[in-house]
Amino acid sequence: MAGPPSRPGWFAVPAPVRELFKIFPLTTLPAESLPERAPERARVRPSLYVFARTLEDARSGRPSFNPQCLKWQTFLRIAGVDVHLVPSNNHASPSGALPFLLLPTTPTSIPEKQPSTQPGSNAVTKPTVPLTGSKIQRYAKDNSPRETTFSDSPPSRTEAYEALLSQSLRPAWLYALYLHETNTPLLKALYLPPSPILYLPSLHTLRNAATDEILKTTRRALVDPHRLLVDATDALRSLSALLADNDWFFGQPDPGLFDAEVFAYTYLIMDEAFGWADDYSLAQCLVKFDNLVEHRKRLYERCWPETIEEEVNTN
Amino acid sequence: MLHLHVWGPAFGLPSIDAECLAIIAYFHNVLPSSLWRLIPSNDPAVNPSNLLPALQHEDKWISGFQPIIEYLTSAAICDGLDETLSPIQRADSVAYGAYLRAHAGPLVDLSLYVSAANWAATTRPAYSSLLTFPLTWTVPTLIRAEAIKRAEHLGLAELDTDFDPNGGLHLSAGRDALPETFRRHIPLMTKKTVHEEMTPEQATAIRLFGLTEDCLTVLDDLVKGGDEEHPRFFTDAAVSSLDCLAFGYLALMQKPAVPRSFLKDWLEPKTPRLHRFVDSMLAAITTRGDLPWVTPEPTSVARFGGRILDSVLRHIPNLGEHYASELRHRAENQKTGLDQRALMLLMGVVLTGLATGYGFQAYRAMQPFGASTQSWKPRRSRTRLSEFGQLGSMLSSAMGPFQPVPSGLDLGARDQGGPNGMLVEVDSEVD
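Residue numbers (full-length UniProt numbering), protein chains in the order written: chain E, 1 to 315; chain H, 1 to 431.
In isolation and in its complexed conformation, chain E is listed as follows (with noise of 0.2 Å):
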């Protein structure tokens, strides 16, 4: 079917003009190596990046004030991994999602073979990929200076009571925090930049994210503050019903990475100085099951005891 190959087509470059395209790339550069194996210094400790809500709250170690972030934050004091936290936003996350964590910067020996086309690789420190989720829980457990052994609780309990944590609580907390009118200050002072151009378009995607999400997890046509209330407080009860007299989840001897998750949680929704309103609270909820409040106490005094000797001297 084709032609000729003398007889040139209507869309074909002439012969000059191809002649001197031909002539680029004048010549090829190596690749640049990514600019991590120079960071500006390098990490002696672990850096997780996590929502906070001043640098001095970070320096200090100060729980976060997102649930996710607080939740690994947490995990990691239990099992006593020592972190640096920086405060950023899902932007800087490469899965745009915080919290990750960077591991510390090791010094890594040059590999025999280098190839030819990077010839800026011989650096002193290994490129770090940042780990995420179930990655942290792995490294706190490798990392762990302390003796406890993250003793398994059972599978399919822990994995159906996560469910209820992600299905019937954070609905009602992400209402609360991001829909419900009167604690749209509160929002603005967490999540939103202070630039009134901004502003705007930022507080209507944030809230357009969550009523997606909202409706998404309950199976519902309709957001309904009262129902999600009385949801939260089901879950509380079976969570209260769950640890009963234990000092921690599933009878276990130290806490987990679900006694984390279910904190981030209740010591965010009873935290006095985190500014909720009071027409729509979740604290209300919690207080009735007394067993999560100590709980909630214990772990915050076993993970942050520094701050308790503040207030003890402070007082």
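If you're looking for bench data, these hints aren't it; they were derived computationally from the structure. Treat the hints with care, since some could be wrong.
[What the hints assert, rightly or not] In silico DMTMM-like cross-links for lysine to aspartate or glutamate, where the CA-CA straight-line distance does not exceed 25 Å:
id	chain 1	residue 1	chain 2	residue 2
1	H	Lys264	H	Asp82
2	E	Lys297	E	Asp57
3	E	Lys216	H	Glu229
4	H	Lys335	E	Asp279
5	E	Lys188	E	Glu213
6	H	Lys149	E	Glu162
7	E	Lys135	H	Asp82
8	E	Lys216	H	Glu152
9	E	Lys288	H	Asp82
Got chain E sorted already, so can you dock chain H onto it with the hints?
This is chain H only, laid out in the frame that chain E set:
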């Protein structure tokens, strides 16, 4: 009398929706069939929360599985099924209920709605038999879009072969993206790779089975022990609310005759206890007698038309989403009639419509691009030569009162143009 509105029967089950199935099983276990009526209304808009199942008791509407159960107990209509459970069993019941919604729900969505083959062969025909004619074109696709949204986080969009991440024609799709007429002219050069030969369900089998295994093993662990013939989640003989909810989801995994039955393929050999559980729950429903079905009242023409219009509006890109969120906003704040916000919106829509219409008319009235400007000159004398510009006037003055013979075409044009001017047709086709 309690009126329970649900999605209608499908796949040999009393309902096509998991929570409707669950609440039907619950009602059938707690109440004698003389006390309640089951209405396959197939329209979530019958109740203000826009959700089925919905219970109508006297003037109250309650919707959703858990709220209805709570209402039955709080209104002292009947004893709940969970009365005999210990506190920790109740806690488990709530937690596993949440687990079912969080993990079994998206699996059912994947199997019945996201998978294009299953949707086309099984689910959509089932909806078509439930709905009346024009709604069968609009409503099922909306339900499917919602299900796809709910299962999105599993990252298995490949199951929907219509799904195209880049939109439109893109190169990776290869020959299949080309129209049939083009394809004939390109010789078939490559054989299909193994991956292309597989159905999307086969290509993602490892992830699919992983998800299914995770979900069903958790449930299977709780059913362990107890009666082998009639497995239940807590006690051996009685049925709990968790049994009903699990029946709703598991029956939709097991019963529909789907062409790509990855859920059933796992359920039958790997977790035979759950398989028996569904069968025994279904048998228990049938042995307790017939369900008190009632045919729904015929909908009025206005209501039916409104529903059609509503579902069509929701299909409009962009505008449909705004419309849906506006409706949701009004329903949440229980607004009816016109208020300031609605009035502003309405005015906005009307003004935009007017502006667009005016702009369109103005565009239509514009001269076609490329057409030459036309000018009309009053014809002072009766000579036709002056029509040819300055040269014509000069000629006409030179030639005196000469009148050229008008052709037929000219005559017609003169009639249209009136006494003082004439329209000149200009070839306005621009390419």
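Hints, one by one, checked against the model:
| no. | hint | result |
| --- | --- | --- |
| 1 | Lys264(H) <-> Asp82(H) | 29 Å, violated |
| 2 | Lys297(E) <-> Asp57(E) | 20 Å, holds |
| 3 | Lys216(E) <-> Glu229(H) | 36 Å, violated |
| 4 | Lys335(H) <-> Asp279(E) | 22 Å, holds |
| 5 | Lys188(E) <-> Glu213(E) | 20 Å, holds |
| 6 | Lys149(H) <-> Glu162(E) | 22 Å, holds |
| 7 | Lys135(E) <-> Asp82(H) | 39 Å, violated |
| 8 | Lys216(E) <-> Glu152(H) | 10 Å, holds |
| 9 | Lys288(E) <-> Asp82(H) | 22 Å, holds |
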